[in-house]
Structure formats: C-alpha cells, structure tokens
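A.B. asks: Chain by chain, the residues run as shown.
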Amino acid sequence: MTTVDPMSDKKALKARAKAQKKLQEGGSPSLKGTLIKIAMLGLLDAGAMFLAMMLIMKEEWGFTALLVAVTLVINYIYLKPGGLPAKYLAPGVLFLLAFQVYVVFFSGFIAFTNYGSLHNGSQESALDAITQSAVVPVEGSSTYDLKVVKNEDGALEFLVTDFDTTKVYVGGTDFKADPFREVTADPGLKIGEDGMAESLAGYTRLTEEEISAKGEEISAMKVPVGADINTDGFLLTPDGMTAEMNKFDAVYDKASDSITRLSDGVVFKANQATGFFESEATGERFDIGWQVMVGFNNFARIFGDEELRGPLLGILLWTFMFAIGSVLSTFIVGLALALLFNDERLRGKKIYRAIMILPYAFPAFLSAYVWKGMFQTEHGFINQTILGLSPESGIPWLEDVGLARVAVLMVNLWLGFPYMFLITTGALQAIPGELTESATIDGATPWQQFRLIKLPLLLVSLAPLLISSFAYNFNNFTIIYLLTGGGPGGDPTLRLDAGGTDILITFVYKLAFGGGVGADYGLASAFSILIFLIVGSISYVTFRRTRALEDLV
Amino acid sequence: MSELIIPERRKQSFGRWFKQLGWKHIVGLVVVVYSLFPILYIISTSLTDMGGIDNGTLFGQMTLKNYEELVDPNNEFLRWAGNTIFIASVTSIGSVFLSACAAYAFSRLRFQGRRAGLLSLILIQMFPSVLGLVAIFGILSALTDYIPAIGLGTQWGLILVYLGGSLGGGTYLMYGFFNTVPREIDEAAKIDGATHTQIFFTIILRLVAPILAVMALLSFIGTSSDFVLASIVFNKSEQYTLAVGLGTLIDDPHSKNWAMFSAGAVLAAAPIVALFIGLQRFIISGLVGGAVKG
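Chains as they are written, first to last, in the numbering used here: chain A, 1351 to 1903; chain B, 157 to 450.
The shape of chain A in the complex, shown without the other chains (with noise of 0.2 angstroms):
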C-alpha cells in the first residue's frame, strides 16, 4: 500500500509537530521531578503565606501585597508549561532584583533625602520621641520615696511614700492595667523605720542589682497619676529611690500640625523642607527630625558647601592618585618581574612563582592588619628591626600625612605586584616569539623590542584589567580603612571627618558610620552615586576604546 489516507497523514503531521513542540520545551516533565517541584513550590507557598500574615497583623498593605505578587509570578512561571528561560532565571533575578538592583535604587533615592540619625523615620516617629523625651517636674508638687516593685505579673510599678503626707501609693505605666492608687490602708503594706512604705503584699520589691541592672527600664518608666497622662502628669525617677511628679511639656497640635512647648509657650512648626519641627520666634527647633525628600540639596552640598569644598577637593585629588599610584607601581614591578622571568632557562621559576604569589593568597584585610603593626613608630618592625632605629627616633610612619601616603602604597605595592606579575606572564606568553624574532634579524635592540612591540602589544591586551584595577583601587575601602582608618588627622567629633589619607569610599563610610557627630546617609549616599558615576564613566570610556565590551557576548 503505498496510498496516503490524508486524514492519517495529517495526524501524523500533528503528531510529530507535537513532539517538536515538546522537545522545544525540554521534553515531557516526569513524576518525579513533578513532585519534587509541586512540593517545593508548596514550601515557598506556606512560608509566603506566614509572611503574609505577619505582615498584615502588623498592617503594613504595600509589603503584603509585593509579597503576594511576587509569590503569584513564581508559582506562574513554574506551574505553566514551557517557558523555559523564566524557570532558571527566576531564582537568580528574584534575588539580583532584592540585593543588587533595588540597592543601587534605593541609594539614589536616599541621596535625594536627608536620611540619617537626625532624621531616622516617620514624622509620627519623631514626634513620639519628642513628646516622650520633653517633660517637666509640676512645680510645687510633692517628692516621693520610692521602692521599684515587680507585680504578680512581672511588670515593674513604683511603690511610692509621700514625703510630706507619707501617703503611699503603687501604679505601673499602663494606667489601665496597674492603676496608680492609694494602698496606705492596705493591710499587707509594711511601713519601714523611716515612714516610707518597704513592702506591700502581691509585690516583690526588686533588688539593688536588680535595679542596676534594669536601670535604663526603670529610668524610662512613665507611672501616670490619672487616667489621662497628659493633663494628671505622672511620676518619674531620676535615681530609682525617688519619684517626682512630672508632666509633658510638648503639646502637639494636629491642625496647625504644631507643638507647643507649655513651659514657655514657644511654637514650633513642622517644616517639611527640612523635616524638623521649628520655632519661627526664637530659631529653636527640637533636634528630632523626619525624613523628607530634599531634592538635590546633598548634591548642591557636595559642589557648594564652603565647608566641605576644601576636605573633599584634597580627598578627590588623592583618591585619584592613590588609584593610578597603584595601578602604576604594581604594573611596573609586575612587569619587570615578568620580563625578568619569562626566561626560559632560569631555573627556580616555579619557586620563585609560588613565593611571589603568597601576597596576593594572604587575606588583604589581614595584611592591612599586620603591615599596621609593621609600621608602628615605638617598636615597630620596620623602624626597630629592618631600620634599626630606636625607639625615640622612630620614623612616625602613619602619623605623618606624606609618610602614611607613602605607606599606604607601599603596602598596596606589596598586596598587589603577584597579581600584574601573573597577568603579564601571561599576555608575555601570548606574544609570537616570531615577532621577536624578526625584530632581532632587523637590529632592534632589546629596549626597542620592548618599547616598541612587545609594550603595546601587552598594552592592549592588559587595558581592561588595568582599568578594572584602577577601579578597584578607586573604592579600595579595606586597605586604607584598617591600616591607617584615612588618618593622619581628622576627628570623629567634628562633622566632618577627614584624615590624610582618607579615599572617597572611606570618607562615605564614615559620613554614614562614623558614629561621630550624627550619621548623614542621605549625603553619604550621594556621594556614592557620584563616585560610581565617576568610576563608571572612566570605566565605560575605556572599556569602549578598547573594544572590551563588544565581543562580550
């Protein structure tokens, strides 16, 4: 039979159109590999679910729903059928998208507010904590003896003894649940030998060490007198043995979206530009803020402020020269090592190689830490052993700005010649002896041949990694951060704290982390955009005249 049916002939096209199809979309899924699957995915599920709850008890609808929709894309790209790509890249994108894109996001966002230890959260926030913080003794009220006690359920109350009417009393903070009452009935009270109350029955009084050791709780406790704390006032210790009476002094007003302090009346007003609330009448403000978007001021402070114009000039121009001083110095030693080496008949090479190649393995951070120790002027190795000085006329290594700059790169010399040493072995090895050769049969001296063709040949060849390291070096935070932590010079008390031999990254990270004068991450983050737009571009520029990125893909 060699007749077709037709009808037969299509389903076979079908068929094997459906095959094809499969075969695209990576063959039919097993049994296995489905449970596998339909299992994990349930995992991802009830641990979304969870997050889901605990997000929403703390009424927080954006995160919800981000997490909601994330869930819902990563079980539709691994419930349908095909679409292969989403299925393995999903993972790795979820997480460059959280720690990766979102943080270079995020910084740029901050840089256009005034994020920072001023202006840490909400304006709900800061208001709660100037309230909170801004009280004053009633004048004319009574002191009282005071016995911090611990109820029956482990919350503390002040038990307290009027010093004038020695009337006693207990409350906690929670005026609802411990209300502040008077006990000087209360059969199971014990008065001491001075009048003041020692014990009441239902209380444990809490111990010295106790109290030491709770000592920020205590001194934080606000036991309020009447059920509205801020007209009844309420109690305070200043030392945990007496309690006075003491009231709000920061009245805030919603409509006027002001507060006004009681004791001498002065307004102040929410300024959103600043994120601070202000007293027009006097200049005060409370030194609490919020964050506020600022627009480009970080940036306008970066190019305008007097103060910080000539600090940073002086950290930008050594940055540059800390980079290509590195790039330089490692290079050339690299290169003359390598030229040195790449010798056939030297014997050794592979000794020397795994010596040479011990800076580079040697964790940096740790050989920041021991070249510190080198470089002490006292008894430092350097100064006592290598240049026999004593300790008096020690050369002051890292106390001096020029000496420490120095040090600095030769630390970083140090750290990193193996690494040029092995790429310029390399790229020597990858150079045809023939070129060489026919330059040697036309009389070129050996400085020619290197000048003249064996240099722009590794140049070439070498141009993206020497930028790469020249961009390295431009945010080499580890180096300079524990060898000489950017000093000589600059203080953590002023605002702004620059040292001699401070880079850029290291000049932010004390801007954000210093933990001097305030921490400033809103500035701190726009510098950060301006270096990765600096090293970026510098980058970029290079990357394209050498032609790097073209063949990339």
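Hints are computed from structural coordinates only; laboratory data are not their basis. Bear in mind that the values here come from a model prediction, so they are computed numbers and not experimental data. Errors might be hidden in some of the hints.
[Said to hold, decoys possible] Calculated lysine-lysine pairs in the DSBU-like style (CA-CA distance at most 35 angstroms, straight line): (1) A:K1526 with A:K1540; (2) A:K1387 with A:K1517; (3) B:K392 with A:K1387; (4) A:K1364 with B:K346.
Dock chain B against chain A, hints included.
C.D. replies: Coordinates of chain B only, in the frame set by chain A:
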C-alpha cells in the same frame, strides 16, 4: 660542530653566567624576601608570649601559648571561625547554584532580551557593594522589623546580601564555561527523551562539576575575606566573622594583643592560602578573565 659547542657552553665563565642569568636570581631572592617577610613576621609574632609587638628579632621566642588560648572553648575565636565557615559555605554553594541556573538559561535557551540581560548583568555588577552600604544597611534594618530572622545582626541577612552581589559576575563566568560544553550532547539527550531538568542537573552540571567546585572555592575565599559588609551587619561580638572579630583584638588601645591577633591571623589565613595555592591554575586563568580580586 654541535658536539663541540655543548661542552663549551657548560664551561661558560661565571661572569657570563652571572650577566645572563645569575643577576636574575639575585633579584629573585630580593623579591622572595620582600614577599615573605611580613608573613614570617606574623608567624614569629604569633609565637611570642608577650602581648605587645616589640620583638626585635624574628623567631626569638617559640611558644604555642597563643594558639592554645585561641582554641580554648571559652575564647570567641572558634565561634568567629564557625560563623565565617558557615556564612562563606552557604554563600558559595548558593551563589554557584543560582549562577549556574541563570548561566544555563543564557547559554542554552534562546529568548527575547537575552543579550540585553547579559549586558545588564555585567553593568549592574559594576556598582560596588561598598557604595551600596547605606542602602544595604537600610534594607536590612527594615527587614529587621518584619522578618527578624534575616534582618540586621543575622547571618542569613548577610548571606542574602552576598548572594545578591555575587550573581552578576558568577553568571557571566559560568556562561562562558557552559558554552564550552558541546550542544550536541544535550540535543542527543533531548531526543532520547530527557527533560530539561535532567539535562541541566545530570548532564551539564556533571560535565562542568570541577569548574563549579573551583568557583565555589573562589567565592568562599572572597566571602570569608570580606570586612566591610560584615562590619555593618553585625554588632555583637558573638556574631562576628573572623574578618571583623580579629580586628577587635588590636583595635582597642587598652588591650592590644598583637601576639594573640597574629596567631588568629595565621590560623585564619592558612586554609585560604592553601586553597589559593591549590587553585593557582584556575585563579590565574580566572584573573585573565578579570574575575577575582585585583
């Protein structure tokens, strides 16, 4: 003729040998001393039993006291080492797996935005994590409020940050390696009815297994040497990694203990240096690709 020349060469004068090769050995010796003395210095300091650094001569004293003290269970050193090993292991395994998945997609599958995706991976990678410190700190402190298990001061929080940061470069490197595996192999498997997961896990990953191992070890070296991210994430000494913890031994001006620090440094560096020397061949080829530190 040639038989005559060879003995002549052997007998070449010392002067000529020195001019051609001998001086290179002298330079080599200088370089060896230069490379080694800081390392010898730290080993020597770790063997002294004084707290300070005033040992004028190398190896003037030999005591294992510092090492014994460090490995004492009461000392935090072992804890720091444990933290470091945990964080670096999870990070290296995780990042290799994630990069391998992504690299498989880029290498074997054809889809819209593939080229753009690869390029943007490389570009995003250029934003150094040091510059994102503030943002990373902000994200982690926000996470602390919602999911404390991966917030500030947790190992998982730091691991997530490392994973996010390591992905771009890792994927690109791995993409290159996957491309060297002949496509005919997985096509043959496909025709035999293998699913894409079978091809990925049992064929491709097996074939590049040695490279995966090398990449995991490189990632381990890099992660365990990180100072700056670990220093902003952790604030309690029991959470520290070696990079952060060892520094605290000499940062406090009142209780500087260089000998102890040196012993710790030797213990921390030894495995890394050993790994590095063992992986030399791969690292050098990776370097030429501009992959590791430098």
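A.B. asks: Confirm or reject each hint.
C.D. replies: Tested hints:
For a cut-off of 35 angstroms, the pair hint linking A:K1526 to A:K1540 stands: about 25 angstroms separates their Cα positions. For the suggested pair A:K1387 and A:K1517, the alpha carbons sit about 72 angstroms apart, so the restraint of at most 35 angstroms is broken. Only pairs whose Cα atoms come within 35 angstroms are accepted, and B:K392 paired with A:K1387 is rejected, the gap being roughly 39 angstroms. With a C-alpha separation of about 19 angstroms, the suggested pairing of A:K1364 with B:K346 holds against the 35 angstroms cut-off.
Of the hints listed earlier, those the structure fails to meet are numbers 2 and 3, in rising order.
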